[in-house]
Every structure is written in C-alpha cells, then in structure tokens.
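S.K.: Take the sequences, apply the hints, and build the full model.
2 protein chains.
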Amino acid sequence: MLHFGRDEFEARRDRLILEMGEQKLDAMLLFAQDSMYWLTGYDSFGFCFFQCLVVKADGEMRLLTRSADLRQARHTSILDAIAVWRDRGSAEPVIELRDMLDEMGLLGARIGVEWATHGLTAANGQQVEERLGSFATLKDASSLIPLLRAVKSPAEIDMVREAARLADDAFDAALPLIRPGADEADILAAMQGEILREGGDYPANPFIIGSGRDALLCRYKSGRRELDENDQLTLEWAGVKAQYHAALMRTVIVGRPSDRHLELHAAAREALQAVEATMQPGNSFGDVFDAHAAVMEAHELARHRLSACGYSLGARYAPSWMDMPMFYSGNPVLIEPGMTLFAHMIIMDSDSETAMTLGRTYLTTTAEPEPLSRLPLDLTLA
Amino acid sequence: MLHFGRDEFEARRDRLILEMGEQKLDAMLLFAQDSMYWLTGYDSFGFCFFQCLVVKADGEMRLLTRSADLRQARHTSILDAIAVWRDRGSAEPVIELRDMLDEMGLLGARIGVEWATHGLTAANGQQVEERLGSFATLKDASSLIPLLRAVKSPAEIDMVREAARLADDAFDAALPLIRPGADEADILAAMQGEILREGGDYPANPFIIGSGRDALLCRYKSGRRELDENDQLTLEWAGVKAQYHAALMRTVIVGRPSDRHLELHAAAREALQAVEATMQPGNSFGDVFDAHAAVMEAHELARHRLSACGYSLGARYAPSWMDMPMFYSGNPVLIEPGMTLFAHMIIMDSDSETAMTLGRTYLTTTAEPEPLSRLPLDLTLA
Chain A
151 MLHFGRDEFE ARRDRLILEM GEQKLDAMLL FAQDSMYWLT GYDSFGFCFF
201 QCLVVKADGE MRLLTRSADL RQARHTSILD AIAVWRDRGS AEPVIELRDM
251 LDEMGLLGAR IGVEWATHGL TAANGQQVEE RLGSFATLKD ASSLIPLLRA
301 VKSPAEIDMV REAARLADDA FDAALPLIRP GADEADILAA MQGEILREGG
351 DYPANPFIIG SGRDALLCRY KSGRRELDEN DQLTLEWAGV KAQYHAALMR
401 TVIVGRPSDR HLELHAAARE ALQAVEATMQ PGNSFGDVFD AHAAVMEAHE
451 LARHRLSACG YSLGARYAPS WMDMPMFYSG NPVLIEPGMT LFAHMIIMDS
501 DSETAMTLGR TYLTTTAEPE PLSRLPLDLT LA
Chain B
151 MLHFGRDEFE ARRDRLILEM GEQKLDAMLL FAQDSMYWLT GYDSFGFCFF
201 QCLVVKADGE MRLLTRSADL RQARHTSILD AIAVWRDRGS AEPVIELRDM
251 LDEMGLLGAR IGVEWATHGL TAANGQQVEE RLGSFATLKD ASSLIPLLRA
301 VKSPAEIDMV REAARLADDA FDAALPLIRP GADEADILAA MQGEILREGG
351 DYPANPFIIG SGRDALLCRY KSGRRELDEN DQLTLEWAGV KAQYHAALMR
401 TVIVGRPSDR HLELHAAARE ALQAVEATMQ PGNSFGDVFD AHAAVMEAHE
451 LARHRLSACG YSLGARYAPS WMDMPMFYSG NPVLIEPGMT LFAHMIIMDS
501 DSETAMTLGR TYLTTTAEPE PLSRLPLDLT LA
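For the protein sequence lines, the chains are A and B, in the order given. Just so you know, we're using the working numbering here: the first sequence kicks off at 151 and counts up by one. Just so you know, we're using the working numbering here: the second sequence kicks off at 151 and counts up by one.
Please keep in mind that the hints were generated in silico from the structure rather than gathered at the bench. All C-beta atoms, glycine included, are put in the ideal place defined by N, C-alpha and C. Each hint should be verified, as a subset may be incorrect.
Said to hold, decoys possible - Computed far set for chain B versus chain A, every beta-carbon distance over 12 Å:
{"id": "1", "residue": "Val-278"}
{"id": "2", "residue": "Asp-336"}
{"id": "3", "residue": "Glu-520"}
As the list claims (entries may be wrong) - Simulated restraints, written as ranges between beta carbons of each label pair:
{"id": "4", "chain 1": "B", "residue 1": "Gly-480", "chain 2": "A", "residue 2": "Gly-432", "range": "56 to 64 Å"}
{"id": "5", "chain 1": "B", "residue 1": "Glu-420", "chain 2": "A", "residue 2": "Val-301", "range": "51 to 59 Å"}
{"id": "6", "chain 1": "B", "residue 1": "Thr-515", "chain 2": "A", "residue 2": "Gly-255", "range": "51 to 59 Å"}
{"id": "7", "chain 1": "A", "residue 1": "Gly-362", "chain 2": "B", "residue 2": "Asp-157", "range": "24 to 32 Å"}
{"id": "8", "chain 1": "A", "residue 1": "Glu-450", "chain 2": "B", "residue 2": "Glu-280", "range": "39 to 47 Å"}
M.R.: In structure tokens form, the structure reads like this:
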C-alpha cells in the first residue's frame, strides 16, 4: 500500500539528488526509517535491526535488510532491488553492505551517511566505520533528508491535516471521561482507541498522561492513577495518519483550578501568542524559542520552563515523534512556508506542584501560521 | 511510582556488581533504557536524546539526562543523583558526561559501555569514543545487562503473567469483531484499547495486523483494510504490564480455510511442539531454532520460514519488544529456568499467498516450559 503517488516519490527523489549534487555526494547510506519512508514509502520497524538503503547520485536505490522485511519492503514501497542478510552466529551484514556498494561501483566514492538516527546504533555505526572507512570517503549527512523533509508537499500537508483532525477527535472522546474518580487508563484507552479506530497509526512515542504530582512529567511512564476531587491532568498526544503526526498538549483541571493554575495558564497562552507572532518566514527556530522565553521571563517563570518549546513534526518512527529542527536557544535554521511545527508551552512549578501546558501544531505560511487544531486555547475545566 | 520493592532493585544491583567484578570493570555506561529501567525503575522514552546512567563498581549511580527527564527520573526511579544537560546550539553533553566521570574518580578506569542499543545512536557513539577514548579504557559491555535480565526474578515473572493475561484478553476482545467486511482498524483498536484500559502499557513496537496478501507481512504498517468473505488475518501482539511483555501470534481464518492453510497450520503446530520439547535447560537457543527448522524441512517448508523463530521477552522500550537472546541458527546461549521466551512459527508461502503463524510466550522451568497463554493452539476460524 503506497500512501502517495509515484510522482510524489519522484519529486522527493529529485530534491534529494539535487541536494546530494550540492554536497558533492556520489551516494547516501540511509539508516533512518523516516528517511526511507519519505523517499520510497518503505514502512516498517525493521530498523530495530541493521538495515541500509543505498541511494546513488543517479537515482538508483538498493535496500539491504533482514528476511522478515523483504515482503514488507515489497508491499509498502516503490523499491524493487532488495537484498537480504541472514541471522546466524557469524552474520556480518556490513560486509554484505560493502559488497553491495562494490557492485554499485562505489569503491572510492564520496558517500553521505546518516549517523544521527536511531536506525543506526553505536555498535552498528562502529562496524560501518571499520568496514567501509577505507572502501569509501564517509561524510556526515545526518541532517540532509530531515531538512528536506521539514518542508512539506501539498500531499503531505493533507496527511497532517487528517492527523490533526484525529488528534482533536481523540480529545473529544476523552473529555467526557475526565472527572473525579476516573481512571487514567480509561482516558488513555479512549484517546488512543479513537485514533486507531479511525484508521490512524500508533504514535512514534506513547502519549503522555499524568495527574496529581505526575502532571508535572512530560514523558510516558507505566502505571495509572485515579483522579482526585480537585486534580490536574497533563496530556500530550498526536493524531497520526500515514505516519504523519499532529500533536496537541493540554493540562485539564478537574474540580476547582488554583490561582496558580489560572496564572500559569495566562502566561502559557501569552507565550503561545508570542510564538505564533514569531513563527514566520524571516525568523529562526531560535527566535521562536526566545519569544517564548521572554514571556516566561516577564512572568518570573524562567526556572519552571523547559529548554526547548517545540519542534517539527512529520512522518516519524519510534522512539519519538520529535523531529528536527527544534525550537531551542540559538538554533539558526530559518522558518519556511509549508512546515508543520508543534509549539508547546510547558510550565512545571515544582514548588507548588502545579502543572500547566498548552500546545498545538501549526502549518507555516508566508505570514502568520495556521493552527491545525479546532480546540480552543482556554483552560479546560472538567 | 516504583513497580518493584527496594530489595528487588538491590538484588539486581548486586547481580550487576558481581558480573562487573568478573569482567574487571570499574564502571559501566548504560545507554539502554531497558537497562536503566531494570536497574533503577527509571521509566521514560528520554533515550530519544543523549542520556547516560553511570554505575560504579561500588554501586554509586549517577544519571545525566535532559531537563524534560529530571522529574521523570525522580518520580519513577530509585535514583537521586541526576544531572541535566541543556539544549542549546553549542550543547556538548558528552563533555558534561566526561566531567561527571572525572568527579566520580574514573579517570583512567576500565569502563564497560552499552554500544549495541537504540539508546545510543552512531553519532552519539562517535562522540563518546572521541571524548572518552583517552579518558578511560572503554570495553564493549552491550550484552552484560541483557543476559542478566534474561533470567527473571519471581516479582518479574508475576508481571509477565499479568502481561500474558492482558494479551489473552486482547484476543478475546477482538475475536467477535473478526468477520467478513470487518475493518482491521476496529480490530486493532479493540486489542490495543483492551490492554490500555486494563492499565497495561503501549507495546515497544506496534501490533502487527495484516490481511489478504498483507497477512504475509510480519511488521506493522500504516493503512487498514476490510476483510473479504474468505480471508486470512495475521496478528502479532503483546500484553504489557510495568513494561514487561508477553507476546502472542495467530493467523485467523475468515470463512473457509484452504487446504494449504490446514497443511501449514499442522506444520506450525508440530514445529511449536518440537520447540517446546527443546526449550529446556541443557539446550541452547540455537538448538531451539534447529528443532523448528527440522520440522519445516520435513514438510518442505524451509524456504517459507524466517531465519529466526523467537526471542526473549521482558521490559523493553521502542523500537522493538524483541530482546536478546534470539532463537537463530548457531546461537550458543543456554536455556536457563526463569526465562520468559516467545516462540513464533511463521510460514509465509508467497507462491500461493498463504500465511500461517502460531506463537506464544513461555516460562522456562527445570523441565518442560510453561505456556503463559490460555488460548488454544487450534486454527482459529472466524
């Protein structure tokens, strides 16, 4: 099943080859599943083992993977050249990769490598350096495809819009369940269930759900809790369509919000507005972070915020849906139209154990970004 | 929230320190979230960024992670020494790690490193080699904790039993939905929803669901399908409790099974019985694979099987619940009592586009392994 037309994949390949030309690369070794999916449709968690997609500057592509992924690649991608390495005590898949590169005429070539991806563990990376280091000249090309991927095509934007709709629906499904005595497990099942039932995908990382003092956490953890009479529930979730993510974040107040909740929500909303005003072509990802940080500073909340306030979203695989570029201090990458960016205002006040979060996904344009969620930014009371 | 008592964590730490002594290691750099969780309870997908848990031979432990995981580590683990590195353009977390090791008196020490984990990308691994290679002697210790983890404590076995119950419940929830015209999306939502609703966790990889010709796939992919009048539906899923997995695999026949389905099911069942007879102390993981392969061979199915037939299960993080050791040809690791092992018989006949799978999780004992599922091994007809 291909989620995009052949012409879309050809256009992506052409953008890649152009950039490889700029960087004088004869070939690329892709290890990121996100890159393989973007370029060919190959959709798998097969990157848990060693695999590599080789792309030559003339557009030729060959995949080396394990037996369990041979049919997977055939059924989900435009690839037809697929080789298999076999598990056994003495398996040396990187030597098989070298033989493949040799057959492709790449001895002595200048080859870009995706080193900074969970598709290549440090151990496998050491094998690549050792076995290929004298075969070819290896150049770090980890951010080449991620930066191409950051600007979405119209077909990709359609997918993100659908993902955003699923994310809104998930919240609508959960909201009636959020009340004193409710079990977090029911709320999580309702949100994730809604997205899967509508044909959406698993998220690249588990949804975040935490209440009470765990509302101050912003990662998934095992173990559910029942909500108190007065409580705070932090949720971060994403709708996912054809692996494209659209994330949302909210802290829902059960019962009576404290003054601190109201204060922090007002600050989060003001910070998000400052982010929206900055998330425009001409500004950098660092500028967006600074706009958020300035509002936090003005409200004397600097020590309660995190050191990043969002990131690019797209088709991502585990362990995280966070894509590059990120909004952090000093990031010089420039905002361009057609990016899908998640901005999250997270204020965790450990002193009073008060949590407040507010986040949504935007489509950048030539001016103000378009929010992709229909949910209001008001403090949600349940 | 700790899922185990302090004494359990102390016992694990003692096993680790003993093994570090055997291997003459002054310290370990843990990068696998699975290892961190096992040793301290630290439960996060924070390994998507650089983080490291340092363990000294005297039992001292210090975690270096990002700001978003400071509270996460505090709330979920026994750790109290937690340092934070900050995102910024010039962030050099590995230098901060070196400073931490220096403070811990580890200059010139012999340090074991987990290189073979998705918790350390090749790019971060290069940084570790570059920044620490002359600071200390780095030794590969990737399989040290995984091999300790492979033998479960009674408290862990309780978790796996609960996970196995969730897996059975998920199938019970899905079975009434499997019929001609059913949408795979509803089936997947029912299975995953049941596990989350009962307080279980997300699986370390998405459940596998595929019908028609995609029943021959054994990875998750995006995109759902409706079942035909006569169809085959391959499901691979896991119940997960406190991150401990118990997996199951079935191909369910909708309508009338073909003769080939019946033939392949009989072979799969026979192979699984051969595996059970071999999955006992005294035999190796390679022997278990060979027992499965011999049955496949006898039925002339050698070219339709995969090159591995199962693996250890435990508390695992993305991108895959497959733990080491695996059942593949020549794997010399010996079966011991107290292991939780998943055996899957997978026969994918591309010629006739017929799929058949049969798999379940076992607890090894001093003799025959105990199946942890209550589901029958008969061909499931829906």
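S.K.: Give a verdict on every hint.
M.R.: Quick rundown of the hints versus the structure:
no.	hint	verdict
1	Val-278	violated (7 Å)
2	Asp-336	violated (6 Å)
3	Glu-520	holds (25 Å)
4	Gly-480/B / Gly-432/A: 56 to 64 Å	holds (60 Å)
5	Glu-420/B / Val-301/A: 51 to 59 Å	holds (54 Å)
6	Thr-515/B / Gly-255/A: 51 to 59 Å	holds (55 Å)
7	Gly-362/A / Asp-157/B: 24 to 32 Å	holds (26 Å)
8	Glu-450/A / Glu-280/B: 39 to 47 Å	holds (40 Å)
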